[in-house]
Each structure stands twice: as C-alpha cells, then as structure tokens.
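Colleague: Use the sequences and the hints to build the structure in full.
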Amino acid sequence: MVGRRCYAVVVGVALTVLLAGCVGPTVTDAGYRNKVGDTARQISSSIASARLAVQLDLDGRMAFALTDQTVSDAESDADSAATALASRQPPTDSALKLYQRASRPIQDAVDALRALRIAVRRGDSAVIRAALAGLDAPQHGMDDLRTAASGG
Amino acid sequence: MSRLFKMALGVMTAIGGFVDIGNLVTSGITGARFGMALTWAIVLGTMGMTLYGEMAGRVAAVARRPVFHIVRERLGVRTGMANLAAFLLLSGLMLAAELGGVALVLQLVTGVNYLVWVPVAAAVTWLIVWRVSFSVMENLFGLLGLCLVVFVVALFVLPTDWGALWHGATHPWVPPDQGHPMYFFYAVSLFGACLTPFQVVFFSSGGREEHWTTKSLPEMRLNALVGFPLGGLLSIAIMAAAVVVLKPAGVDVSHLGQVALPVAQALGPVGLALALVGFMAAVMAAAAECALSMGYAVAQYLGWGWGKDRLPRDAPRFHLVCLVAVLGATALVLTSVDPVTVTVLSVVLGAAAIPLTYFPVLVVANDGDYMGSHVNGRTLNALASVFLVIMVVTSIVTVPLLFFTKAGR
Amino acid sequence: MKADSELSADEMLLDRQILDVDGAAIGKIDDLELTEPEDGGAPVLTAFLCGPTALGPRIGGRLGLWWAAIGRRLRPTDEAYPNRIPIGEVDCVDRAQVRLTVSRDALDADRFRDWTRDHIIGRIPGAG
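Listed in order, the protein sequences are those of chains A, B and C.
Numbering of the first sequence is given in the working numbering, commencing with residue 1 and proceeding in unit increments.
Numbering of the second sequence is given in the working numbering, commencing with residue 1001 and proceeding in unit increments.
Numbering of the third sequence is given in the working numbering, commencing with residue 2001 and proceeding in unit increments.
Hint data in this document are derived by calculation from the structure and do not stem from the laboratory.
None of the values given here were measured: they were computed from a predicted structure.
By construction, the Cβ of each residue, glycine as well, lies at the ideal position given by its N, Cα and C atoms.
Warning: the hint list may mix true and false statements.
Unchecked claim - Listed next, with one range per pair, are the computed distances between beta-carbon atoms: (1) B:D1161 to A:G31: 31 to 41 Å; (2) A:A84 to B:L1222: 47 to 57 Å; (3) C:T2035 to B:N1381: 41 to 51 Å.
Modeller: Written as structure tokens, this is what we have:
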C-alpha cells in the first residue's frame, strides 16, 4: 500500500517535472502572435543583459569571466528563442506574414549578439564599443515587433 | 569562547545559512520582473520559517529529539513513510539545484563550463559531510555567507529610490504586463525558497549535533528569531538590487550571474568578488546541509545511529544515505538540465510539500509529554495554525500554477 | 522491566527508539512479540522485534517485502523470524526512552549496520 503510494508520488513528480517543460501548440493566430511577442521579449531581454554587462565592463566594474558569461548566455538564449520560433508552423496567413516580418529583425539581433561576444573575447575596446552600438537597431527592432505582435 | 561571542556567531551563521540557491535565484527573477511587488511573499515565508524553526529548535533542545525522530512515533509507519518518501524526493531535487549552483558559481569565476565543475562540487560537498566537523562547517560557511551583505551595501551606493522601493513593496499589485498566474507562481516560489523542507530537519538535527539542552533555549531562540528574519532581509536586499538595476534595463533574470550584476555596478570588481564568495558559501553550505538532512531523515525514521560528531564507521548507514544522495543528485545535474530551472522547480515543488514536513513540528511542539512546561502557548498555536492554513493553501495551488504557467516561462 | 503499570502499546511501545545500556541507538521497536501462555489467558509481551524483517510487513506492499528481504539476506541462515530483544533485557520504558540492560554487542541487532560498515563505509578512506 505504501509502496504503491510511493510509486504514485514518484510518477507524479516525474510527470510534473516533464510536463512543466512542455509548451502547448500554437494552433491559433492569437497563440502564434503571443509566441512571437514572447520571443521578441526574450531577445530584448538578452540584448539588455549583454548591453548592461559590457557597459559595466567598459567602465571597469566587471570581472572578465562574468562579462563573457553574460554575453555568451545572452547570445545562446537569443539563438534558442529564434530557433524555437522558427520551428513553429505559422497556422494562418496573417501569422505567416507576421513571421516574415519578424524573421529579419530576429536574425539581426542574434547576429549582433554574436558579434558582441566575439568582440568581448578579442578584448579590443574600440571593437567592443562598435559592437555595443550595433545592438541599438536590433533592440528597436524587437520593440517594434512586440508592438506588432500585440496587435498594433 | 565567551557566551556573547558564541551567541553572535550563532546569529550570523543563521543569517548566512538562511540563504541558498533558491533564495538567490527567485529573488533575482522576481525583482527584475515584478519590482518590489512580491516582497510580501518573502516576508510571509520568513515569518513562517522563524515560527516553525523556533518550534523545531525548542523540540530539539527540550525533548532532546529532532523532529523526524518523532514523525514515525506520532504519525505511524505508513504516514511517516509517505512523509519520508516525499521529503527525500524533494530534497534530492533541491540538492541537485544546490550542486548545480556551486558549479555555476565556479563557472562564473573561472569561465570553465559548469558541467566540469559538477563532480568537483559533489566531491567537496561529500567531503564536508564525511569529515568536516559540524561546528567548523556551520561557522565557516555561515560567516563567509555574510559576504552577501554586499547587496545591502550596494543598495546604498546605487542611486536607489528608497521611496519607490517602499511604495512598490507596500502596493503589491500585479504589474500590467504580467498575468495573475505568473504573479502567484513566483509568490509561491519565494515562499517555498524560505520554507525549504530540509531547513527545518537540519535545524532540529543540528540542535542535537550541538547537544542543545533547555539551557540552550535563549541561544536557539536568538538564532531563530533574529537570524532568520535578517536572512529574509538579505533576500529582500537581493531582490531590491535587481529592481534598481535590472528592471529599468529590461533584463529578465535567467542565469545566476545576472543576479550579481547590480553589485558590480555599485561596487566594482571587489564587490563582485565578495558577492561571488557569498554565493559560493551559501550554496555550498546548503548542499552539505541538504545531503545531511536526507541522511538524518532516513536514520531517524529507521532508528539508526546518526551524527557528524562521531566517526563515519560508527554511523555507517547514515553516511551511506548521504553518499547515495550526493551521487543521485550529481547524476541529475550531469544530465545538463538547466540548473536555474531545477532551482525554481525544486522550491515550487517543495512548497507543495511544506505541510507534510512542517505539520509534525507543530504536533510535537504541542506534546506535553515531550515538551513539559515548554509546550506551545495559545498565541503561538494560533499563529502557527494560521501559517499552517497558508501552507496548505499554497500547497494546493502550486501544481495547477506550475502547469498553467509552464514553470514560470 | 520498570514501567508504568499500564501502557498503551501504540503510544508507548511501537516505533519507539531503543537505546542500549550505554545510550547507543539500536533501532526502533518495529513490532511486538506476544506469546499466548500454555494455560490460556491473555497474551504476554515476550520480546521487542527490531530490524528490516520486523518493519517490512508493517510497511506493507512491495516496498515492505523488499525491505524485509534485505533483513533476511543479511543472516547466515535464511530465517524469516525477525530479530528479537527479549523482555528480560529491557531496563525501562517511559515517556523519555526505552532502555535496555545490555550493551549492543550482546544483541544480534547489528547485522545491517556491520555489513554496511564492512563492505562500503569502512572501505572509504577517512572512515576512522
């Protein structure tokens, strides 16, 4: 009896852990728009995080390891978000249009973060500053995308 | 060692010992996302921990038994076993989170991938459990954990708008861009991070390791009634630092390193180093305590000998459980599941099981046969019952919230 | 054995921690052995039962069977009867403790512990 109860507890916890990682399908237009908006939000946050870390580093307030880690994490998070969105099938025509509008800015953002990561690792301040400035346009792009996705 | 010094040490150890990877991660995430709106969850969790921690400590000092020892006597073999099973599962998950946390801090310091550090973290944790004396472990990590005070200092150095922070804390409205389910999910996570099941098992078993008696009650009470609230304050400071620096910048916390960025901004590399030392100490201590708690729980349920004050060969089964616990948790972390996700999951699932671990504490603290004149008073019981209701409510809403918010994405 | 004149088995006996004469933890009272006297009359408590073979049946289910099997495996003969501590060796039973008159070495209650020590823990450096 207790054995069965224990077994049930274990299965319950395992299921919970597994299902918590699952994402629902985006079969509706609204669901897809939400997904695009979420992706834009995540990438926007990654850009902000990388920008903060690099700015602090240029001001001499950081340790290199943390700067490098933060920028690398930002890049891989943005990349994962972009891939996750690309793997979803747009369910309607308007969703497809939204994706076509979104894919360029998203790719630009990922590229800009990659350029920043490379610049940080090379250590040349001028190149880093340039790469930092290169984040501005993608950041605006993400803001526009969030507005568009929420039906603006 | 003078009595005063000993008491001060106890308090400081309790402060540093309160914070673990769960507090660090959840405070950082919620500060960046919700501002100060979820401060109440930390306050509530800290109050609960203080209340029940004092009870568990009193039981250890007066009845001279740690709580889990009595669970089987009071609740019976089967309920006790269900309790033990749930405790081991959740603490195992939490141990995995702590080990992942140690590895993450080492990654932040060295730049080497955290997976490489996981076996190192596990080995050091186990060595602490195996041979390091109880008081050395407590005192060393407790004091080093106090380095986290650097977050409080940072708040004073940064252009902090204290009025705005206070306003945010006292007006806990759900921010417009976050839904209610997400808000309450993270409230549960903060609550669960303060009331981790292993904390109370460790506090009461630790009391037996330190041979508390009725004479130790003032000391124990100081630890619980001053140390834990100050630890809660520290968690709030970490959250506030995220509010001041990360939230305006639009940074969502998903990695441990981001939690330390506010300190870097305020105090530069020195402050950052102190923050990382504090992270390391708090999380490492928590890992050892969690592993020990799993050993304590099994040994106390089955009646085996246990304790760090004796040689391992004199409590072999206790040490075997600790070893297996560390190995199991290490295996889980090595599957390269995201440590931050594991941390959030562990505090949230832990929150679901809080009534299981904390209810027996209330039962025993009211048992006149064990507690004599130190039984719970009526006001204390009223307060503790209110908290029990809060804990049960939290426990009920946790799993639905977990599914609804997809673990806080 | 010294005790209050009347005890409730559930409250005072079952699942209580057993300490030997030196205060070392032996195990818990996992079950009770009651013997019916030959001349009829009420059953008499003759021993405490302690160890995996005694606890297994009380846990029940597959887990209980497995736990009891561990206890049986540790014995030289595959005997199913749980490890018993005769009442004669019990010093006192009260609210605070259950104490024996003998040391743990005189009992046969340490098979699991000794096995763990000899085969696993004792082999790790630093075991003392």
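Colleague: Compare the structure with the hints numbered earlier in the document and write down the numbers of the violated ones, lowest to highest.
Modeller: none
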